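Protein sequence lines correspond, in order, to chains A and B. Just so we're aligned, residue 1 is where the first sequence starts under the UniProt record's numbering, counting upward by one. Just so we're aligned, residue 1 is where the second sequence starts under the UniProt record's numbering, counting upward by one.
Worth flagging that the hints you see were computed from the coordinates, not collected in a lab. Don't take each hint at face value.
[As the list claims (entries may be wrong)] Interface residues of chain B toward chain A, partial, derived using beta-carbon atoms under 10 Å:
hint	residue
1	Leu34
2	Gln37
3	Leu103
4	Thr128
All of these numbers come straight from a predicted model, not from anything done at the bench. Note that CB positions come from ideal geometry on N, CA and C, so glycine has one too.
Residues per chain are reported as follows:
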Amino acid sequence: MERVPVLKIGEILLVSIQIDMEDQVALQLQEDLAERIVATGVRGVIIDISALDIVDSFVGRTLATIASVSRVLDAETVVVGMRPAVAITLVELGLSLPGIRTALNVDLGIAMLARQDEDIDLLGYEDDTDQVAETTP
Amino acid sequence: MNDDVQRLPVVTDQDVVRVRQLVRTVAVAVKLSLVDQTKLVTAASELARNTLVYGGGGEAEVSRVHNDRRAGIRIVFADQGPGIADLDLALTDGYTTGGGLGLGLSGARRLVDEFEIETEPGKGTTITVVKWCR
Chain A
1 MERVPVLKIG EILLVSIQID MEDQVALQLQ EDLAERIVAT GVRGVIIDIS
51 ALDIVDSFVG RTLATIASVS RVLDAETVVV GMRPAVAITL VELGLSLPGI
101 RTALNVDLGI AMLARQDEDI DLLGYEDDTD QVAETTP
Chain B
1 MNDDVQRLPV VTDQDVVRVR QLVRTVAVAV KLSLVDQTKL VTAASELARN
51 TLVYGGGGEA EVSRVHNDRR AGIRIVFADQ GPGIADLDLA LTDGYTTGGG
101 LGLGLSGARR LVDEFEIETE PGKGTTITVV KWCR
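Isolated chain A, as found in the complex (with noise of 0.2 Å):
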């Protein structure tokens, strides 16, 4: 079975989705992301669904399970880059994905989780250059 794999960036976990999801994939990803976001300690998470063409009522219960159990784990949960098509059909679907917020890129969406959480570097920019300062002579 094949794997979503989870990236840490500085403070947020990052996962883009590029295959298409059989349903078992989905349900580890759930798995894979509650274990890393406490392994971890991350307080945001951003799920890239830009390359996906569509997004059924599997997928989208399981985004939104996934931005519940995060919250639970005190990790803010963003599902970014959302098609247009996907969009319309989601809705038409009945789904409108109550719960989990959205943000049209990667981009915006580690700015959506900069605002909630100021005091903390989410890139760790800060302490790059912290390092390379002090290792300068």
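Since the structure of chain A is provided, determine the placement of chain B on it from the hints.
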């Protein structure tokens, strides 16, 4: 009149993915608009999953259809499962016996142009949907 009938088994999770991919390919060939392709593939995904989960597996048949004015796609999902006892209830938004959202059947019906369902308790369910080019 119809041509190019293609059949796929719907017995595993992977088969649901294959049905989506076949429907997408045919929808592009028939030149459905992008939004209509998306609607039809989404409806097919819901119905294929129903065939698998509720019907205990079955078959999907995808064909190109024409009438005198336009082209379209017809998809037939057939299973020999338990059938649907109360069709009106099964077509109600939010009703589910399988732990899902209860949007599969009712939502799929909204996404296509024609929707027919034949079901008999103990004998199985056959659902036929058609999407026409605009």
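These are the hints, each one checked on the structure:
This hint holds: B:Leu34 has a C-beta 5 Å from the nearest C-beta of chain A, less than the 10 Å allowed. A hinted interface residue such as B:Gln37 counts as satisfied when its beta carbon comes closer than 10 Å to some beta carbon of chain A; here the least separation is about 8 Å, so the hint holds. With a cut of 10 Å, the hint placing B:Leu103 at the interface with chain A holds, because the nearest CB-to-CB distance is about 5 Å. At about 19 Å, the closest approach between the beta carbon of B:Thr128 and any beta carbon in chain A exceeds 10 Å, and the interface hint on this residue is violated.
Hint compliance for this structure: hint 4 is the single one not met.
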